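Start from chain A and add chain B according to the hints.
2 protein chains.
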Amino acid sequence: MTSSTRKLNLNVGINTTGYLPNAWKYRTGSRHDINDPGYYRGLTELAHRGLFDAVFFSDHPALMTDPKGRPFHTIDPLILCTALAAQVPDIGFVATMSSTYNSPYNLARRTQSTDIMSGGRLIINIVSSFNPSVAANFGSAPLPPRSERYARAWEFLDVTKKLWSSWDPARDGQIPEDQFWDASSAHAIDHAGEYFSVKGPLNVPLGPQGHPVLAQAGASEGGIDLAARHGEIIYCNILSRPAGQAFGKKVRDRAVAFGRDPSGIRIVPGLVVILGDSREEALRKHELFSGAGSEDGLLARFIKEHNIDPEGFDPDAVLDAERFIPNPNRIQAVGMGLGLSDLLTHERLTARQAVRRAEGNHRLVLGTAEEVADAIIDLWADGTVDGYTLQPPRAPDDIQEFIDKVIPILQDRGVYRTRYEERTVRERYRLPYPF
Amino acid sequence: MTSSTRKLNLNVGINTTGYLPNAWKYRTGSRHDINDPGYYRGLTELAHRGLFDAVFFSDHPALMTDPKGRPFHTIDPLILCTALAAQVPDIGFVATMSSTYNSPYNLARRTQSTDIMSGGRLIINIVSSFNPSVAANFGSAPLPPRSERYARAWEFLDVTKKLWSSWDPARDGQIPEDQFWDASSAHAIDHAGEYFSVKGPLNVPLGPQGHPVLAQAGASEGGIDLAARHGEIIYCNILSRPAGQAFGKKVRDRAVAFGRDPSGIRIVPGLVVILGDSREEALRKHELFSGAGSEDGLLARFIKEHNIDPEGFDPDAVLDAERFIPNPNRIQAVGMGLGLSDLLTHERLTARQAVRRAEGNHRLVLGTAEEVADAIIDLWADGTVDGYTLQPPRAPDDIQEFIDKVIPILQDRGVYRTRYEERTVRERYRLPYPF
Chain A
4 MTSSTRKLNL NVGINTTGYL PNAWKYRTGS RHDINDPGYY RGLTELAHRG LFDAVFFSDH
64 PALMTDPKGR PFHTIDPLIL CTALAAQVPD IGFVATMSST YNSPYNLARR TQSTDIMSGG
124 RLIINIVSSF NPSVAANFGS APLPPRSERY ARAWEFLDVT KKLWSSWDPA RDGQIPEDQF
184 WDASSAHAID HAGEYFSVKG PLNVPLGPQG HPVLAQAGAS EGGIDLAARH GEIIYCNILS
244 RPAGQAFGKK VRDRAVAFGR DPSGIRIVPG LVVILGDSRE EALRKHELFS GAGSEDGLLA
304 RFIKEHNIDP EGFDPDAVLD AERFIPNPNR IQAVGMGLGL SDLLTHERLT ARQAVRRAEG
364 NHRLVLGTAE EVADAIIDLW ADGTVDGYTL QPPRAPDDIQ EFIDKVIPIL QDRGVYRTRY
424 EERTVRERYR LPYPF
Chain B
4 MTSSTRKLNL NVGINTTGYL PNAWKYRTGS RHDINDPGYY RGLTELAHRG LFDAVFFSDH
64 PALMTDPKGR PFHTIDPLIL CTALAAQVPD IGFVATMSST YNSPYNLARR TQSTDIMSGG
124 RLIINIVSSF NPSVAANFGS APLPPRSERY ARAWEFLDVT KKLWSSWDPA RDGQIPEDQF
184 WDASSAHAID HAGEYFSVKG PLNVPLGPQG HPVLAQAGAS EGGIDLAARH GEIIYCNILS
244 RPAGQAFGKK VRDRAVAFGR DPSGIRIVPG LVVILGDSRE EALRKHELFS GAGSEDGLLA
304 RFIKEHNIDP EGFDPDAVLD AERFIPNPNR IQAVGMGLGL SDLLTHERLT ARQAVRRAEG
364 NHRLVLGTAE EVADAIIDLW ADGTVDGYTL QPPRAPDDIQ EFIDKVIPIL QDRGVYRTRY
424 EERTVRERYR LPYPF
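Taken in order, these protein sequences are the chains called A and B.
If you read the first sequence in the working numbering, its first letter stands for residue 4, the second for the next number, and so on.
If you read the second sequence in the working numbering, its first letter stands for residue 4, the second for the next number, and so on.
So here's chain A without its partners, still in its complex pose (with noise of 0.2 Å):
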């Protein structure tokens, strides 16, 4: 079933109206899209069209109520993947879910249950929650701090993991003709450790892809922790060949340390790409998505984000990649701030180069369609990355773009597949099966 020749893995995020905030401006369709099953189900056919490994959908249960922004986290994950997988074939599906403000059993079992309802579709994306609004709507309770949170998402997954393969019907026995199943085909967990007592077996059996693939996106060294010990496709910010090539090797080797195949860890970052005719074209384009409105506007966004004195402020001048290490105190995920610091410690940069080569964080590639696919295959002919999740600065204007423009180049050069074959997920990422 596993395709003999590697090939690039492209996810594609398609939360409401695109990855950038201030690019809905340019976008095609109405405001009330964000909330109609229908946009989300035209924006996944959309991405089977262009071959995409899965959609992506990253989450906080709060709703952030800035009236100068706009709701990025509406519909439930799990449910919206649910729905769609039951209506368009092949695709898989990414959904986040929190392991702090979740219980195991219950995530198990949903997660379980959408994996065999979709055909072995499903991967989950598990955070920690670093939102205090978030904490707000599930009681009274502060945020724990960020050790708290990795600790009991440590555990959580460990006992997800028990739950998941608490029920084999490959185990049945002889069944006598008057009894309708062989019970001992599933097993209580008692699972009691520091923050979860469960007992079960989980009432739902093993799923199409033994377990749904296990994504995880946090870089702090809790982050790496999780993705080196459960972690199986990493999404990540990685904005240079050798920041790329030290993150890998430090979850790899920590797998290793814990006792893990690292052969088991695919590494997806976030990519933005925005095309033009020309590059000229494209740099035009993002002074626009990013709501900067020229690379002066770039510049001062910079200046302002990282507190820099804007007098006597040289944004020619090489920068200082110390400066920018995030503060692991601040209300954020951590690991977002660490691309920027990452990129500097390898390349020496101006502030004007750099503002052009990121944005929300991710990798930023701008150009002609021919730039853009040379720049994905660069990293990932090496194996720096195994592909990318594509963060469209708009839905679906710049999805459209991409598979129109990119994908046909990438199926040229021979690195990208023609159509579907694998059946699940798991399959289409060469990812061993867990049990």
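Simulated from the structure, these hints should not be mistaken for lab results.
Hints may be right or wrong, so weigh each one.
Note: identical chains are not told apart, hence a pair may lie in one copy or across any two.
Once the Cα atoms are required to be at most 25 Å apart in a straight line, the calculated SDA-like pairs of lysine to any residue come out as [what the hints assert, rightly or not]:
| no. | residue 1 | residue 2 |
| --- | --- | --- |
| 1 | Lys288 | Ser243 |
| 2 | Lys71 | Asp175 |
| 3 | Lys252 | His63 |
| 4 | Lys253 | Ser344 |
This structure is a prediction, so every number in the text was calculated from the model and none was measured.
Just chain B now, with coordinates in the frame of chain A:
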């Protein structure tokens, strides 16, 4: 949108192999059906041909590991309903879920998501969970006492309703051109009660039904309080006209006492139908499907279930209702045991008669298709009930048979629809819009 003549409402339960534990021996299909998505799709399409209001899934989040039994609750009901609604049009879905082992924010979000994805076809049946094997899957604390579970369920639904109405795009004012949305259409709920503290708003807006239709199944005093306060569809066990009228009056009177308009309550009890070409044939099928084997077997089971001393027991003596009031301290759903004592309070019956009046705690109707149709219409015509939730002994066989033989009679009598008309289940049940 709402049909002007009152019609019989019919749901059908489609859990695993059918409602009666021993009837699987006589069903069509394989034991692997119970975790097969195609099987549930087939059952839902079958129910759609029968023009049922909704398919119903009861649930416990635990695997019952009795080797002599069969798994009755496997794939998560909300996931199953979400996938099936994406595949089968028109028909509604009743998903059972626990207020004891979910958080209001997650449940409000997921259910509203499914209601949006299905175009307004979700009914949720909130239960407080009574089984210690469920509790053990959610921590080391024992099951809370019933009174606490009901107090929690009451507040749970209060919070959930606040969340469901916390973001209403219909409240949009004028939106400036450079803004995506009117953030004032969403408001925090700032709930701080005895069991829950939830800030809100929900990140999913009002759905096609305002919120999913609320079913309520408890018949204990706490359950009736909850039904009177929050229930729109009451799923219960009513074995006779006077018992049904007394129950309906109790729920409606209590709704009035809570300041609620009782016209928004529908009573749709469980019903087990066993058809034969003659009443004799139906009696034999009852003995077979129940697992009792014979009328003597049914009487022996009755004696055992009710801890009666078999010595000198006369199956043809009139039973004493008092003797059959369920012990409220027993570990079971108390309401399920009330049907028999209610029946015996209103009718003088012998054990030989009583064993033919209920199966699996629900009203049993035995006989030819004409007799069954008569019995169904009988309690509906005068408003004792609004319809029934059919619990077929075997799935798919007894659903198919009911559709082939009983539905056409109900249609001929003009009490049952001949096609789907209303868009949402709320309209189909003639229930008021909640907000």
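Going through the hints against the structure:
no.	hint	verdict
1	Lys288 / Ser243	within (22 Å within a copy, 72 Å between copies)
2	Lys71 / Asp175	between (58 Å within a copy, 15 Å between copies)
3	Lys252 / His63	neither (30 Å within a copy, 45 Å between copies)
4	Lys253 / Ser344	within (16 Å within a copy, 68 Å between copies)
Hint check: a violation occurs at hint 3 only; the rest are consistent with the structure.
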